[in-house]
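Chains as they are written, first to last, in this note's numbering: chain A, 1 to 249; chain B, 1001 to 1133.
Derived from the structure by calculation, the hints contain no laboratory data. Wrong hints could be hidden among the right ones.
Here are some chain A residues pointing at chain B (derived, C-beta under 8 Å) [as the list claims (entries may be wrong)]:
id	residue
1	Y28
2	V29
3	L180
4	L192
5	V193
No residue lacks a Cβ here, since even glycine has one placed at the ideal position from N, Cα and C.
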Amino acid sequence: LADALRKSGALDEALAVALAGLVRHPRYVAGRLTLGRVLEAQGDLRGAAQEYERARSLDPLNLSSQVHLARALVALGEYDEAHQVVDDVLRWHPRTPDLDEVIARLVSSPAEAEELPAVIAKTPVEETVVAALTECPTVAAALVFRRDGLPLAGSLDRAVADDVVAALTANALLAAEEYLRGAGFESLDDVLVETERGVMQIVWGGAYAAAIRFRPNAPLGEAVEETRRALADLPEFARRPAELERRTA
Amino acid sequence: VTTLEETMHDLTRLQGVVGGLVISRDGLVLAQDTRRDLPVEAFAALAGAVGGEFVRTVTRLNQGAVSLVVLRSDDQLIAVAPVSCGYLVALAAGGVSLGALQWETKQAAARLDELPTTLIRSASSAAEQRKEP
């Protein structure tokens, strides 16, 4: 309701509805975002940035809150902070038109003219991971996806859509991890699944996971050693965003 | 006639394997051979749940029938092979040869599938009776 009121231009009413809703549901991310957008429309950029930041801390991988936060920070002239947010977004998400707009504004700011292009030009972690895995002689294909099941780079199988592979595999990993922790195990590192079509390895990184298909008849021990070595050389594969770490803890 | 226990023993002879179980799809222990103290019932429930999770997932991904799932956790390996009566499970130390574990578990699973149904039925009945209070 608050968002509908905002869109219709009834900003005071939108503000009242959003605030009332958040009193009852303070951890509702979409509510925080709506409140931020109402405040932004009212010209309260500082208040808007605070709400976007709260939304981001509630859901560290939420793209919308990060893009809105970056945009508000640019408008406030806080380029270093905006730069940091954009850097985080590019680490976990593919580029989007909204983000490109923020980047364009940031690049045109004097403070960031030199530094930001280097950040943007940086190869995203997921592509580096896919490249490292597919360079292994025993690996036929690899897909990197986020812990929440969003496919990021690579592909596993032409016959099955990557988002289906990523979503189902992430679900199975989360369920398995929960079972294992319930039984006193500390972590789930990886899973090998042998089927009629060959062997798949599913590796749990930090915020990332990878599904890897080995070449037919690849010796299993050797294949697994290769992928483990390749991933060990990429500490960012195991890195978790600090916010996500806190939330999981 | 080879028994379930003998098939288990063939698997647990492999260096690094510390326990083997045959469990039904609902986690009942039909046969076991463990070399160290292992909370057998809890481990059976865990292996059945986790193995079943991946078997279902991979089946939904149209990857064909699953012959083996191996989980690595805390430097231990849990190998789960679907068999006609449920799952064959092996627990091994992290240093075990992965190729050998893969081969031996699949061989043991194939031998289990060749056992007479009467043998499996009697193991299931015994497990059900043990479950009774």
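Okay, the hints, checked on the actual structure:
| no. | hint | in the structure |
| --- | --- | --- |
| 1 | Y28 | violated (31 Å) |
| 2 | V29 | violated (28 Å) |
| 3 | L180 | holds (5 Å) |
| 4 | L192 | holds (4 Å) |
| 5 | V193 | holds (5 Å) |
Against the hints set out earlier in the document, violations occur for numbers 1 and 2.
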